[in-house]
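Undergrad: Next come the chains, spelled out residue by residue.
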Amino acid sequence: MRFRILAAEAWRSLAANMSTTLAATVTVLIGMFLVGATIGVGTWLLSWSDNVERQLVVNVYFCRALSCPNAGDAKQSEMDKVANQVSQFPEVRNVDFVSREEALDIMEKRTPELVAGLPSNPLPDKLKVTVRNGRDVFVLKQRLTPRPAGVESVEYGGQTARKIVKFVALIGAVVVVAVLLLLLASMLLIANTIRLSIFSRRREIEVMKLVGATNWFVRGPFMLEGLICGVVGAVAAVLLLFVTKTVVVPALPGDVESSSGAEAWPFVLQAGVLLLIGLALGAAGSGLTIRRFLRI
Amino acid sequence: MQDLELKSPELPAVEQTPTTNGLDGFSAAEAAMILFEDVTKVYEPDVTALNDVSFVIEKGEFVFIVGASGSGKSTLVRLLLKELEATKGRIFVGGRELTRLKRGKVPMLRRNIGCVFQDFKLLSDRTAYENVAYALRVQGEGRNSIRRKVPEVLSLVGLADKMTSYPDQLSGGEQQRVSIARAVVNHPPLLVCDEPTGNLDPDTSVGIMQLLYRINRSGTTILMVTHDREMVDKMRRRVIGLEDGRLARDERRGGYESE
Numbered sequence: 001m002r003f004r005i006l007a008a009e010a011w012r013s014l015a016a017n018m019s020t021t022l023a024a025t026v027t028v029l030i031g032m033f034l035v036g037a038t039i040g041v042g043t044w045l046l047s048w049s050d051n052v053e054r055q056l057v058v059n060v061y062f063c064r065a066l067s068c069p070n071a072g073d074a075k076q077s078e079m080d081k082v083a084n085q086v087s088q089f090p091e092v093r094n095v096d097f098v099s100r101e102e103a104l105d106i107m108e109k110r111t112p113e114l115v116a117g118l119p120s121n122p123l124p125d126k127l128k129v130t131v132r133n134g135r136d137v138f139v140l141k142q143r144l145t146p147r148p149a150g151v152e153s154v155e156y157g158g159q160t161a162r163k164i165v166k167f168v169a170l171i172g173a174v175v176v177v178a179v180l181l182l183l184l185a186s187m188l189l190i191a192n193t194i195r196l197s198i199f200s201r202r203r204e205i206e207v208m209k210l211v212g213a214t215n216w217f218v219r220g221p222f223m224l225e226g227l228i229c230g231v232v233g234a235v236a237a238v239l240l241l242f243v244t245k246t247v248v249v250p251a252l253p254g255d256v257e258s259s260s261g262a263e264a265w266p267f268v269l270q271a272g273v274l275l276l277i278g279l280a281l282g283a284a285g286s287g288l289t290i291r292r293f294l295r296i
Numbered sequence: 001m002q003d004l005e006l007k008s009p010e011l012p013a014v015e016q017t018p019t020t021n022g023l024d025g026f027s028a029a030e031a032a033m034i035l036f037e038d039v040t041k042v043y044e045p046d047v048t049a050l051n052d053v054s055f056v057i058e059k060g061e062f063v064f065i066v067g068a069s070g071s072g073k074s075t076l077v078r079l080l081l082k083e084l085e086a087t088k089g090r091i092f093v094g095g096r097e098l099t100r101l102k103r104g105k106v107p108m109l110r111r112n113i114g115c116v117f118q119d120f121k122l123l124s125d126r127t128a129y130e131n132v133a134y135a136l137r138v139q140g141e142g143r144n145s146i147r148r149k150v151p152e153v154l155s156l157v158g159l160a161d162k163m164t165s166y167p168d169q170l171s172g173g174e175q176q177r178v179s180i181a182r183a184v185v186n187h188p189p190l191l192v193c194d195e196p197t198g199n200l201d202p203d204t205s206v207g208i209m210q211l212l213y214r215i216n217r218s219g220t221t222i223l224m225v226t227h228d229r230e231m232v233d234k235m236r237r238r239v240i241g242l243e244d245g246r247l248a249r250d251e252r253r254g255g256y257e258s259e
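Here the protein sequences come in this chain order: A and B. For the first sequence, the numbering used here assigns the number 1 to the initial residue and increments by one for each residue that follows. For the second sequence, the numbering used here assigns the number 1 to the initial residue and increments by one for each residue that follows.
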């Protein structure tokens, strides 16, 4: 019963202040659409760079008489020891032993004409080490300094790896800042709408207090107004995002979506997050204004 | 409201005995309706609006508050409604001490005080019926009882045929009747009127006063702030005069000016 009255009052006020209501809802819609798009693109980028990071590989090359004149060919026991040691490191996800014959096979597949001209196999045996995190390549390099016996060199993507790791951090920071700014703007716009609504209903508020409305009864419709603005804006944004997703994503070049196994958040999760944010924005926006402008 | 007769009697000079009314929410049935005890109100920094004012208004009384502009009449009304806090002294309404009333209880206080103002304070986007119903709805009254009470009180104030009119389709006197209907629909034991006839012509004012008189006859205590000299002189009721925030006179059957 009470809620029905509150809802009726809120609806009445929304309808009476159609233009400001519409303005607020559309702003929430734009803000939320951008937030949604940022989340979509942002999570995809994060997942993409995560994938790239995951593919960072550290190669541990073993000695050959050619390359290590002092030590000569690495002994099998040395290689086993290093492989064993490396696989114990917490940063290491996977260790693969690639023999020089296998390495040559791989090279032959890639560049057959080059291999055809070789008199003998110049390649060393190696360990192909995959790390858990992009950063870990540096750690691994550190751990293998000084080089254990039988190891000729430890190599990784070097500069490229460093750049990718920085890039990922940067993307994360930009996404967070952009989302925060958009949320703040949406909240302030809702707050402003509620303020206009409070001003345009000064008389009504005065009468309410006069006839003994409880404070919550006076506040209720305004709270509800804010919530409705936030939720309607969010729902519209979700719909718009869905349309955009179905139209834009298939139009992208195929490899963007399929390469590197990157995935954005599932759409349902994203929609849920947007709705929650819309609700929170509405509550915060109207709460803010009611505290300041609705002295009861 | 059943005590209110629908006949309109002549403006009376009849002494009336206080009757008790539905004092829902008000405790201490034997207490006076309003008690001001050495009340002082200072607006910061140094404007003294009321200075050491004391008086008692019994249940069922009809009291005029008169005084020049700035004499403290409006401050007195706002103190009664707890829109303002007294700087010093104590105020009791229906046995409740306002200064000790918690903020959350203020709405309950206001439900027991009907208010009528010079500018009516009606909502222009609602009909007469909705304006009155609004007061009840705000107080959490059920739909059925609203449907029953609103037409009843509107016909009581003589607007049975104007229920669906909007305020700007009504004359000043009719608008004031709507606002009186809104004030009394909940049977408050106390009705506070702040210059209810201030915007009305003399003939219309007489009609409003007759209505207030009838409401008073049903047992509702009425406190009326006014500048209407003629009305006060004709009614010969208790008059409390304020001058520069002080209680200048309190006469049982006074006129607008002291004799």
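Hints in this document: simulated from the structure, not taken from any laboratory. Cβ coordinates follow ideal geometry from the N, Cα and C atoms, glycine included. Watch out, some of these pointers could steer you wrong.
One side only, chain A facing chain B, incomplete, derived with CB under 7 Å [claimed, not checked]:
hint	residue
1	E102
2	I106
3	V211
4	A213
Some chain B residues close to chain A (C-beta under 10 Å, calculated; not the full set) [what the hints assert, rightly or not]:
hint	residue
5	T99
6	L101
7	G104
8	R110
9	L122
10	K162
11	Y166
12	L170
13	G172
14	A183
15	H187
Undergrad: Each hint: holds or not?
TA: Hints and how they fare:
1. E102: At about 81 Å, which exceeds the 7 Å cut-off, the nearest Cβ of chain B leaves the hint on A/E102 violated.
2. I106: Interface hint status for A/I106: violated (79 Å vs cutoff 7 Å).
3. V211: It holds, given that the least Cβ distance between A/V211 and chain B is near 4 Å, below 7 Å.
4. A213: Holds: closest Cβ of chain B sits about 4 Å from A/A213, inside 7 Å.
5. T99: With Cβ-Cβ at 19 Å, over 10 Å, it is violated.
6. L101: violated, 13 Å
7. G104: Check passed: Cβ of B/G104 comes within 7 Å of chain A, closer than 10 Å.
8. R110: holds, 4 Å
9. L122: Where the cut-off is 10 Å and the nearest Cβ of chain A is about 8 Å from B/L122, the hint holds.
10. K162: Since chain A brings no Cβ nearer than about 19 Å to B/K162, farther than 10 Å, the hint is violated.
11. Y166: violated, 14 Å
12. L170: violated, 16 Å
13. G172: violated, 17 Å
14. A183: Given a least distance of 8 Å, the restraint on B/A183 holds.
15. H187: Because about 13 Å separates B/H187 from the closest Cβ in chain A, which is outside the 10 Å limit, the hint is violated.
Hint compliance for this structure: hints 1, 2, 5, 6, 10, 11, 12, 13 and 15 are broken, all remaining hints hold.
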